[in-house]
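Since chain B is already given, all that's left is putting chain A on it; use the hints.
So you can see what is in the structure, the chains are spelled out below.
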Amino acid sequence: MGRRPLAVYASVLLAAVLPTLSTTDALAQTPKRGGVLRIADREAPNLDPHLSVSFLTHSWSSMVYSQLVRFPHGPEQKHPADFTIVPDLAEKWEYKNPTTLVFTLRKGVKFHNKPPVNGREVTADDVKYSVERFMAKSGFRSRLEPVQSVDVVDRYTVRMTLKEPYAPLLNHLANAAYVVILPREVEDKLKDFNRPEAMIGTGPFMVKAYQKGVQIAFERNPDYFMKDLPYLDGVVIEITPDSTARLSLLRAGKVDLGHMWGYLVPEEAKSLKQTNPEMVMTPTLTIGQGMIYMRTDQPPFNDIRVRRAMSLAIDRKAWNDSIHYGEGCIDAGPVPCAMKEWKLEASKLDPAKAKYLIGYDPTEARQLLAQAGYGQGLTVPMFHWPGYAPPWRTNYDLAADNLGKIGITVEFKPEEYGKYISTTYLGKYDKMAMGPITPFSEVDDWLYSAFFPEQPNNRSHVADAELNKMLLAQRREMDPKKRLAIVHDIQRYLVDKAYYVYVPHPPQYITHAPHVKGMKYKDGFGLGPRLMFTWLDR
Amino acid sequence: MRQYVLRRLALAVPTLVLVSVIVFSIMRLMPGDVVIRMVEGHAYAPTVDALRKELGLDRPAHVQYLEWVGGILLRGDFGSSYWTRQPIWDEFIRRFPVTLELAALTILTSVSIGILVGIVSAVRQDTASDYVGRILAILALSVPYFGLAVLVVVLPAIYFKWTPLWTYVAFTADPIENLKIMSIPALVFGVTRAGPIMRIMRSALLEVLRQDYIRTAWSKGLPERAIVLRHALKNALIPVVSLVGLQTPLYIGGSVIIEAIFRLPGVGLFFFEALTRLDYPVVQSVNLIVAAMVVGLNLVIDLSYAFLDPRIRYR
Numbered sequence: 001m002g003r004r005p006l007a008v009y010a011s012v013l014l015a016a017v018l019p020t021l022s023t024t025d026a027l028a029q030t031p032k033r034g035g036v037l038r039i040a041d042r043e044a045p046n047l048d049p050h051l052s053v054s055f056l057t058h059s060w061s062s063m064v065y066s067q068l069v070r071f072p073h074g075p076e077q078k079h080p081a082d083f084t085i086v087p088d089l090a091e092k093w094e095y096k097n098p099t100t101l102v103f104t105l106r107k108g109v110k111f112h113n114k115p116p117v118n119g120r121e122v123t124a125d126d127v128k129y130s131v132e133r134f135m136a137k138s139g140f141r142s143r144l145e146p147v148q149s150v151d152v153v154d155r156y157t158v159r160m161t162l163k164e165p166y167a168p169l170l171n172h173l174a175n176a177a178y179v180v181i182l183p184r185e186v187e188d189k190l191k192d193f194n195r196p197e198a199m200i201g202t203g204p205f206m207v208k209a210y211q212k213g214v215q216i217a218f219e220r221n222p223d224y225f226m227k228d229l230p231y232l233d234g235v236v237i238e239i240t241p242d243s244t245a246r247l248s249l250l251r252a253g254k255v256d257l258g259h260m261w262g263y264l265v266p267e268e269a270k271s272l273k274q275t276n277p278e279m280v281m282t283p284t285l286t287i288g289q290g291m292i293y294m295r296t297d298q299p300p301f302n303d304i305r306v307r308r309a310m311s312l313a314i315d316r317k318a319w320n321d322s323i324h325y326g327e328g329c330i331d332a333g334p335v336p337c338a339m340k341e342w343k344l345e346a347s348k349l350d351p352a353k354a355k356y357l358i359g360y361d362p363t364e365a366r367q368l369l370a371q372a373g374y375g376q377g378l379t380v381p382m383f384h385w386p387g388y389a390p391p392w393r394t395n396y397d398l399a400a401d402n403l404g405k406i407g408i409t410v411e412f413k414p415e416e417y418g419k420y421i422s423t424t425y426l427g428k429y430d431k432m433a434m435g436p437i438t439p440f441s442e443v444d445d446w447l448y449s450a451f452f453p454e455q456p457n458n459r460s461h462v463a464d465a466e467l468n469k470m471l472l473a474q475r476r477e478m479d480p481k482k483r484l485a486i487v488h489d490i491q492r493y494l495v496d497k498a499y500y501v502y503v504p505h506p507p508q509y510i511t512h513a514p515h516v517k518g519m520k521y522k523d524g525f526g527l528g529p530r531l532m533f534t535w536l537d538r
Numbered sequence: 001m002r003q004y005v006l007r008r009l010a011l012a013v014p015t016l017v018l019v020s021v022i023v024f025s026i027m028r029l030m031p032g033d034v035v036i037r038m039v040e041g042h043a044y045a046p047t048v049d050a051l052r053k054e055l056g057l058d059r060p061a062h063v064q065y066l067e068w069v070g071g072i073l074l075r076g077d078f079g080s081s082y083w084t085r086q087p088i089w090d091e092f093i094r095r096f097p098v099t100l101e102l103a104a105l106t107i108l109t110s111v112s113i114g115i116l117v118g119i120v121s122a123v124r125q126d127t128a129s130d131y132v133g134r135i136l137a138i139l140a141l142s143v144p145y146f147g148l149a150v151l152v153v154v155l156p157a158i159y160f161k162w163t164p165l166w167t168y169v170a171f172t173a174d175p176i177e178n179l180k181i182m183s184i185p186a187l188v189f190g191v192t193r194a195g196p197i198m199r200i201m202r203s204a205l206l207e208v209l210r211q212d213y214i215r216t217a218w219s220k221g222l223p224e225r226a227i228v229l230r231h232a233l234k235n236a237l238i239p240v241v242s243l244v245g246l247q248t249p250l251y252i253g254g255s256v257i258i259e260a261i262f263r264l265p266g267v268g269l270f271f272f273e274a275l276t277r278l279d280y281p282v283v284q285s286v287n288l289i290v291a292a293m294v295v296g297l298n299l300v301i302d303l304s305y306a307f308l309d310p311r312i313r314y315r
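Chains as they are written, first to last, in the working numbering: chain B, 1 to 538; chain A, 1 to 315.
Only chain A is shown next, with the shape it has when bound in the complex:
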């Protein structure tokens, strides 16, 4: 087990190096020039040259890369935004709880809906409730979350002069107000993410329900509730957990749009604004931090399989 964890951690190093190279190059391959973007129509040559020098963009790309990575490794310094001139790490830490809460609530929503509907669909296979569940899942899969978010913000404003947008309040300051603000974005995002979970849940449970040990359980005279929830569900959950794990980057990625629409001051919004402003250091560092988190999270998910299925051993 320990060896396995160490090996996985060692494998994370090349992954993160690759991520850092990719985000660094992609930002610079993106058309446009951050310096000119910063001075827009006022790009008089002396101003542009001075600004480029000030931001260190006049040096060769490999020097800039090494300095960025060096700053992180040697001093834990993720650099500063070109636009706000504030340290990225401080901003990330300040904003991360918002995104984390949004992701947690979204996962909670999508998993509860997905698993519940999935179980009903599987257990009542080919009945009306199965069909309704499957239609809902397809609907959730096909409606883009950003489209739904815009509708949720716009339609009540048009018809009821009400809109689910409030001034953000931190959970620590006022948990009830905070949950009121966060619940609708989490619901919108969670509902659209529940579709795939429901589909996987249903098919995994159907497969498990046909296995020998389930037949044994039936023959022992166990009630249906015990068979489904105690015996079948735990094994059927493995692919669901994998899916939620695989979807985690999507929760973070989706927060970029959700936070911009629902005016939540999280990492997603930070990233969104940096991207539109070609703020290289912010995009690079936020990407790298999120990549590191995803790598860590995947490890946690892999380890959780052992809990769900004791036959799994790590070597």
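Okay, chain B solo, but in the shape it has when bound:
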């Protein structure tokens, strides 16, 4: 199949997922109860949601546990990156003042009916225990660093006191990877949460059976607090470490989803569509970002002219057309394309400056390099991990090719994953590196974490006093509109600084068997809430 029919085909697919159409679609079909959804994916390394930072653990734990608040899913969500806060165990919440947040819990919510908890009601004590346990033990604990104390006001009321106003708090509490609410007696009676029989929560599904290395089976929680949900009787995750094996299982109809979130890169999706035209595929721009990062604290990248030349060298349109079938997003940073609520598109920025973010002008790039004293060109290393999923290998090659055309010779420095993730990924590298970044749900993680001095994700070693003021201000601004204005100011400020050079971001094809209905893609780690709105039509 040639490139052109594919592009036509993709645009038809894209049209099929226009919000209006899918709403009509949903109305036309009434969800049915019953059936077991089968998924092929990797095994969670640990079952304790507070001890592990693995997305696999959090996807599993989100099936079983609830949070204070969560993000909208299924029919509740406006788009895949909709991070509005909706009630979960807390039916309402209120800021008494910018540093005091009071949650009122739903009454009558029961833990799964399993020993030693035996269907006990969730109370404020469980919330206090869980938040404090998270803050003491989790690798993500820095997310709640501004929290000073958690107090039980009464059986159904919890008060959170902060050291300073902290706007990202509710988003972090809604993130399935962070504070899930655990029943406190499990730790005393079963010693730890890292065992299947200890996975007792208030979520839509309960653990039925877990065979290590083989499969985990979840069954419907009959007492789930959301009426008539979930629709499925159960979910089985067939543990399959190898990605080609997962795709084969999907092709052979042995599973309904070849990946927990239905991910397939365009290449895989187009090949699957040829053998299995019945598969439902929804190209979706997910949260994510790929970039070249540079030691902006050292020559040559402490010179803004060199950084701007780097950015101008990247032919983003050709890049997107050639390897993402024209379906990707070229305005990929600093806020990712998919974060619509926070993103200030380059098209709305001063074009004279925006060219240093998304423009392509090799002539000006060479001039800038010459002005900076590199008229003869320069050679820089590119540290990277070659093992990232496609199209990363091509990304590295294209970057080197684009930079080579303006006189920057790239020396590839491939690294083994363990080394890459513990050094380069955390900013410990020489001169230049390239790679993707974790998909965070809170805009603070894309700004403060990526640009504030000493943050582990500040890979470009940015230290900009004027920027720092704004980064801190958006964290402390509790009025959402004012915060959005600061976040926009930050994007206006960053547009021509070229601290990072962003490359086009491809879509993921969210793919599942045709009888799977109501499964809307949602960024983040909440597999449970996603699947509670999913149903089977067969």
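In case anyone wonders, no lab produced these hints; they're calculated from the structure. Computed from a predicted structure; not experimentally measured. Take the hints with a grain of salt, since some may be wrong.
Stated by the list, open to error - PhoX-like mimics (lysine-lysine), calculated; alpha carbons at most 25 angstroms apart, straight line:
1) LYS270(B) <-> LYS161(A)
2) LYS254(B) <-> LYS180(A)
3) LYS53(A) <-> LYS191(B)
4) LYS161(A) <-> LYS254(B)
5) LYS469(B) <-> LYS481(B)
6) LYS428(B) <-> LYS53(A)
7) LYS317(B) <-> LYS353(B)
Claimed, not checked - Here chain B is said to cover these stretches of chain A; the calculated rule only asks that three of the stretch's residues, wherever they fall, bring their Cβ under 8 angstroms from a Cβ of chain B:
8) 82-91
9) 144-154
10) 270-278
Ideal Cβ positions, reconstructed from N, Cα and C, are used throughout, including at glycine.
For chain A alone, kept in the frame of chain B given last:
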């Protein structure tokens, strides 16, 4: 004989000490840091320091080594995984039957194919069947088992919407279902391992068939079948047994990839995941246990020579 066994066992001690030192150092020489790997992009200094302390990685390497070896020698404790926090020995014992069964079926497949084709090739030397056998052996030698495994999983899925992947069932729970699941990985792995066995079998048998006692057997008027199978084969098997013995670590090593592709919950998969996660204690202990098994197995193989060739004496 007894003295020989005791001497061999005594020699195993320095071997295993060396293995323990090597795996311990190699894991720590590997680039990367398990603690940062565990928190990935969330490596804020206080979290990292606390985790390093919790896992005991803040102490000097020799202390960590002595504690690991001490735990094994004094308490039989092989440590716990950094990631799953579960005892390694329990996990190993739970998973070992899968790998053992896979290895046994693979050896069975490769030995049956290798010996059979080898005999035919040797007995019908320089005929069409010899050439076909030799071509097959070269083919089996040159196709990597992991490549073949991927093809076996992927191609039928593309062309027939079928794939030889099932949800693992233990042999004790359902032997027939279990054999159905295990047979294809064992066949894939066994076929690629049959190549060297066939080549050794052929050349050893050719050599034996030219010996005096075989000529005597012919002159006694014995039928070909009796000469080849009763007189020649037993002596020709010695290098084959050595080869199978030498290949045993390969069967265990190969299970790492085969189990990951065919989703079999064995030791190989356990090791594979531990390696990608820099789970030091798991990699160290599994390596040490497997090394001890290989040392033991080699002894058994050496002792089996006496059965195959009564002229061999142990001193």
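>> Could you work out which of the previously given hints the structure breaks and list their numbers from low to high?
In response: none
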